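Novice: All chains should be built: construct the whole structure from the sequences, respecting the hints.
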Amino acid sequence: MTHPHDGGGHHHHHDHDHEHQAVPHDLALRVKALESLLVDKGLVDRAALDAIVDAYETRIGPRNGARVVARAWVDPDYRSRLLTNATAAIAELGYGGGQGEDMVVLENTPKVHNMVVCTLCSCYPWPVLGLPPVWYKSAPYRSRAVIDPRGVLREFGVELPDEVEVRVWDSTAELRYLVLPERPAGTESMTEDELAELVTRDSMIGTGRINTKDAKDTKDRKGR
Amino acid sequence: MNGVHDMGGMHGMGPIRPEPNEPVFHAAWEARVYAMTRALRSDGKWNLDSGRHEIEQLPPADYLRMTYYEKWFARLVRRVLRVGLVTRDELDSGHPAPGPKATPGLTAHMVPAMIARGGSARREVAAEPTFAVGDRVRARNIHPAGHTRLPRYARGKIGTIDRDHGVFVFPDTNAQFLGENPQHVYSVRFLARELWGDQASPRDSVYVDLWDAYLERI
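Residue numbers (this note's numbering), protein chains in the order written: chain A, 1 to 224; chain B, 1 to 218.
Derived from the structure by calculation, the hints contain no laboratory data.
Warning: the hint list may mix true and false statements.
[What the hints assert, rightly or not] With a cut-off of at most 25 Å between alpha-carbon atoms, the simulated DMTMM-like pairs for lysine to aspartate or glutamate come out as follows:
| # | chain 1 | residue 1 | chain 2 | residue 2 |
| --- | --- | --- | --- | --- |
| 1 | A | 111 | B | 164 |
| 2 | A | 32 | B | 62 |
| 3 | B | 101 | B | 43 |
| 4 | A | 32 | B | 90 |
| 5 | A | 137 | A | 50 |
| 6 | A | 137 | A | 148 |
| 7 | B | 157 | B | 194 |
| 8 | A | 137 | B | 54 |
| 9 | A | 32 | B | 89 |
| 10 | B | 101 | A | 35 |
| 11 | B | 101 | A | 40 |
| 12 | A | 137 | B | 62 |
| 13 | A | 137 | B | 19 |
| 14 | A | 32 | B | 22 |
| 15 | B | 157 | A | 165 |
Here the structure is a predicted model, which is why all the values come from computation and not from measurement.
Specialist: And the structure:
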């Protein structure tokens with residue numbers, strides 16, 4: 001096995017990679033070799049690795065956060081508990097644990113827009129949103145979110161009027177933040193399950209909003 | 001440390017590129033690196049904070065060039081070598097040296113509980129808060145060469161204590177295995193104009209979670 005910094009050839013074979021981020025072609029082989037070695041030495045159990053991957057690929061993701069948001073939209077008491085003790089309220093729906101041990105929920109209103117970043121690394125509320133997308137961990141987002149939040153939001157298609165206050169939350173400690181987006185107009189007749197389907201990952205990071213048009217489209221689609 | 005990882009407010013990093021329908025992992029090796037990192041038992045030889053510091057200590061050019069899980073892999077390799085779980089010879093040959101086989105600290109049936117338990121950095125210990133909600137504070141103008149979670153853009157700036165989150169492990173000492181030194185963490189609200197000047201909106205603000213030791217009274 002070669003040293004991780006030995007380099008070797010660079011291939012642009014991952015679509016998500018930034019142009020400056022090409023993965024060495026033998027990386028997959030080196031990872032496989034390390035796993036075999038750790039398994040052979042009895043340091044890790046291959047089935048445990050499979051179980052971890054499976055949990056984050058199938059069970060732990062933004063649909064969990066969407067359920068929390070939808071419950072808060074339909075149940076004012078739940079919403080109130082969520083805003084005062086987020087960790088406990090989220091646990092009521094069965095979510096919690098690694099990188100969500102100490103949660104804070106931030107409520108968006110017509111006057112206040114919250115947006116979350118981790119400028120120092122990649123802190124993100126895993127139990128409710130899953131593992132973070134590449135852009136959230138990337139230098140462009142981490143560098144700009146704090147100095148130019150309105151510009152960043154514009155790139156995500158969120159145009160905020162000057163009179164709306166933008167609050168950026170830099171996750172520098174072990175609190176993990178979830179944004180409670182505004183419930184879109186025109187969704188009064190929707191069920192909790194239907195509402196959960198409207199909630200996007202980005203709306204819970206604060207880089208997206210759920211607009212009425214999307215809501216109506218979803219409802220119309222369901223109606224047909 | 002004043003590293004390239006501390007990038008809040010930097011320019012020139014390029015456009016943000018959201019990926020539609022992004023998969024959780026982009027390749028199988030990423031998933032394996034993630035899982036190995038979580039499955040290995042630390043035995044007190046690394047922790048959350050020391051782990052972040054390991055990534056920060058990558059050479060700056062490598063930090064910017066490498067993908068996220070490439071950094072995790074570099075950390076994992078260095079870590080197993082540093083703490084002696086694996087020798088250089090074993091890594092190079094791919095075969096374990098003769099000797100007794102270890103028992104994995106984590107087996108498949110333990111995984112759901114491990115994930116559900118997590119590992120809170122909150123500590124239920126008595127620690128007096130130095131500040132109260134509403135206090136005006138200044139983030140100290142300090143430049144620790146080791147790990148710190150006080151971002152450069154906030155240093156020397158004046159803000160207001162917005163909420164007291166309670167008592168948490170102090171990363172600066174924990175990362176160096178110098179003790180947990182638990183203390184209050186506050187969400188400190190900095191007006192965007194305090195941080196960035198008149199180019200920022202007068203309405204906007206940045207909330208930064210800061211430990212007691214990062215703050216001074218004004």
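Novice: Quick check: which numbered hints come out false for this structure?
Specialist: Hint check: nothing fails, all pass.
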